[in-house]
Amino acid sequence: MARTVFGNELVKTFRRWRSYIAFVTIGIVVPLVFVAMKLQADRAALGITRSIERDFVVLGNFLNGYFVTVFLMNSLWIHIPFLLTLAAGDQLAGEATGGTFRILLIRPVSRTSILFTKYLVTLVYTASVVAFLAALSLGLGLLLFGTGDLFVPGRFIVILPEADAIGRILFGFA
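In my numbering, the protein residues as written are 5 to 178.
Certain hints may be false.
With beta-carbon atoms standing in for the labels, derived distance ranges [as the list claims (entries may be wrong)]: (1) 45 with 128: 34 to 40 Å; (2) 119 with 43: 44 to 50 Å; (3) 112 with 39: 51 to 57 Å; (4) 7 with 172: 34 to 40 Å; (5) 132 with 7: 15 to 21 Å; (6) 43 with 175: 29 to 35 Å.
Just so you know, the hints here were simulated from the structure itself, not pulled from any lab data. Beta carbons are placed, not taken as given, at the ideal position from N, Cα and C, and that holds for glycine.
Go ahead and model the full structure; you've got the sequences and the hints to work with.
Put into structure tokens, the structure is as follows:
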């Protein structure tokens, strides 16, 4: 019974056009940001290296696919939850049009089961949006900017070797 309700809710969620607002928004914003960064790459790299060259010897390019992916991930941390809230709120608010009431008339299912199923479907939706963001930003970043060591500025300067960069970035998206 629970598997049937879960499958039904999953199909309903991904059939709604509102569920794709997050995917379309990410699909538009990420390429725009990366193209803008690519057009300004020389100026940005010069600004980063100029401030660091006073204290360190700089070899290579800080502005690579890993850096721009981390930059984008840190830039969108407030926007992605908003996009996810649209679909999560629609899970309960769209009940009348969603068809869950019809299922309850056919087969009695407990409210707890329905709410837990909606929670699980929201988790699956969230994971798919974050996976799409990770794949698009990492793939497009590596395509436009290439590879190299991951430079993470912040309170401390952290430089991770390329072998550790992908694992850390994927862990950051998780």
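- Structure versus earlier hints - violations, ascending order: The structure conflicts with no hint, since it agrees with every one listed earlier.
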